[in-house]
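Q: Build out the structure end to end from the sequences listed, making use of the hints.
One line per chain: the protein sequences are A and B, in this order. Per my numbering, the first sequence runs over residues 1 to 604. Per my numbering, the second sequence runs over residues 605 to 681.
If you're looking for bench data, these hints aren't it; they were derived computationally from the structure. You may find that some hints are simply not true.
Okay, the calculated bits of chain A under chain B, using three or more residues with CB under 8 angstroms as the criterion [stated by the list, open to error]:
1) 16–23
2) 49–62
3) 200–206
4) 209–219
5) 363–372
6) 423–436
Remember, predicted model here, so these are calculated numbers, not experimental data. Built from N, CA and C at the ideal position, the CB exists for glycine as well.
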Amino acid sequence: MQKIVLVGKPNSGKSLLFNQLTGLRQKVANFPGVTVELKSGRFDEYELIDFPGTYSLQSISEDELIAINQLKKALESPDTCLIICNLDATKLERSLVFALQVQSLAQTHNKGCVFALNMMDEVARFGFEYDTAGLSKALGSPVFAISAKTLIGMSEFSQALKSYAGTPSLARVNSPNRDHDSAVKVAARLAKQFGMQQDLVLRKQNRVDHVLLNSVFGALAFAAIMFFLFQSIFTWASPLMDGVEFLIGALAQGVTSTIPAGVYEDFVNDALFGGVGAFLVFVPQIMVLTLIIGLLEDSGYLARAALICHKPLSLFGLSGRSFIPYLSGHACAIPAIMAARTIESPRKRLITMMTVPLMSCSARLPVYALLIAVFVPDVAYLGGWVNLQGAIFFILYFGGILTALIVSKMLDVYVGDSDKNDLPFILELPNYRLPHWRPLLYKTLNSGVYFIKRAAPIIFVVSVVVWVLGYFPANGDLQGSYLAMIGQLIEPIFAPLGVDWRYGVAILVSFLAREVFVGVLGTLYNIENADENLIGLASQIQADGFTLASGVALLAFYVIALQCVATVATLKGETGKNRYSWGVFVLYGLLAYAVSSILYAVLS
Amino acid sequence: MTIWDLKKRTKAEITNLTSTLPTNLSMRLAEMGFIEGQIVHCMKRTPFSGPLVIQLQDCVYSIEKDLAQQVHVSPIQ
Ligand SMILES: Nc1nc2c(ncn2[C@@H]2O[C@H](COP(=O)(O)OP(=O)(O)O)[C@@H](O)[C@H]2O)c(=O)[nH]1
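A: What follows is the structure in structure tokens.
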């Protein structure tokens, strides 16, 4: 299939144009270890490829280098028939610099090249009119005035694209070749001649920023927006998560009722639906999170949030953009690690991704709830304002964040000076714009699909292994299973935490996903439905003589340890290296073990 | 002086970039509009030496101290 390449500077409306031209059937190609994403979709009988937005053909980071090399390869390829340069008509000069560089490359390779002068609706709102014919002549390539949002000029544009793609010679570049220096100069000249007056465009944006970046109102607005984000991943996602759980339950029942009772039924019910199903429950949360972050990004607020958080986080070797991954990590580490893609500096991105798993994700909640119910009395102080159990919850969350910051700082120092020569922080504050639902919807759907594709295989393997170990040889009796034997065998390992083999088994199984801790302990204490009957299990454990010191040690262990294979798989995918993913796994395992045994020793 | 020294709501004209900057970075800055003769407008300073917000032609940028100190300017009224 012949290919059409779409390029443009960041925030130029390129994604929306891509979505309008292609529709739902998109593919996203990722490059391991970097944030480069090439989206492709069908446009008519062609494949349209959306390249990452960048300011120039000169790279200043590894990510950009990969993106630019891919672009250069695409421009050389005989399969490429046409190049579309997307311009933000409200920022002609900045968009032209990159577009002109690409145009001259297109000329070198004898490819057709057209310019899409996007955001025409905004231009019209300012009462400005573009001399498209004049600009087209000066550029030596066809120019189309369009709005990807209101669809002005879109039907002519897509008609023209089809005919140019069919006969690219019609769009062959007709201007002198320019070197680097002159792309900047030509852009300035053309912008002066054809562009709009800048102050006018930026006035509204600056007025909004005056409030949103203000030290008082800005901080309040920031807190409110982040609170909203945090709430949404818990409260809005929970009915959806319940829905998924219900569906999986119903499906499990439907399927298992067709299988005769016995080992096969148990396998399908517990390993497949129980193990893999439990992880599908997180898909809605990931999608809600992607939607809200996408909303913040497309509206232009994300850049402001990064600016606000930059200074405090940079003290710990992080970037302003690390804030969103950290916040999201309280729901689930997987989307949070994926959200780290927006961090410009590869080094800070790596540090962020490696420390996100320390945030107290929602899978830790049931474990915290159980242990707190066991050894923290339900009393209130200060006239009922401070509940002791609530205060401990807070300390656990805070402990996770604090550990993450300390580890970040240590990683920052440890990674050493060789890498310090890193991307400096310069960020364009884009215009505030009302987001369009289309790119958001596709991004949201893609995030769910991507998560499943990435994590499902490893989750499946681990669930099967854990199931087999827990099922045999006693045919379903956990007490007599291999898992219990292993637990008894490794009991000495967990002795420094002051817990017996049952907790060892629960901790081992937690590496599949932490929330199964409660269920497994329930089984070992012979409590049916421990997830619902938390108090029953808690009093059993209390009666068993569980000490405060062990409780604190176990909590500390769960705060720090990375017990989630899906997170490890995601880290592997995003960093591209086993060294980082399994390294973090081992590191936090050891750290958790050390901290909790010290706590136990001190307290008992 | 550099753009890091600009007070809020003041303007200055870019004279040059620090010459020891890596080529790809100084080229990128030029492509982002940091060119001799351009006017920089300081929109906002953030507390504790946080990033600075400037307007440069058609763009508003937020720029960190380390980098802001590489862009030399001369003040204008
Ligand atoms: N008013 C208007 N807004 C647009 C237009 N095209 C895109 N946008 C909005 O501009 C923002 C940035 O667009 P996006 O496609 O994400 O830009 P990209 O970074 O170049 O991919 C989004 O909120 C879009 O909805 C347009 O033609 N008119």
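Q: If a hint holds in the structure, say so; if it does not, say that too.
A: Against the structure, the hints come out as follows:
1. A count of 0 residues in the stretch 16–23 of chain A with a Cβ less than 8 angstroms from any Cβ of chain B is obtained; the coverage claim is therefore unmet, three being the minimum.
2. With 5 residues having a Cβ less than 8 angstroms from any Cβ of chain B, the stretch 49–62 of chain A passes the three-residue criterion, so the hint holds.
3. Counting residues of the stretch 200–206 of chain A whose CB lies closer than 8 angstroms to any CB of chain B gives 4, so the stated coverage by that chain holds, three being the minimum.
4. Against chain B, the stretch 209–219 of chain A contributes 3 residues with a C-beta closer than 8 angstroms to a partner C-beta. That satisfies the three-residue criterion, and the hint holds.
5. Here the stretch 363–372 of chain A counts 0 residues with a CB under 8 angstroms from a CB of chain B, which misses the bar of 3, and the coverage is violated.
6. Check on the stretch 423–436 of chain A: 6 of its residues sit with their Cβ under 8 angstroms from a Cβ of chain B, so the three-residue criterion for coverage holds.
Against the hints set out earlier in the document, violations occur for numbers 1 and 5.
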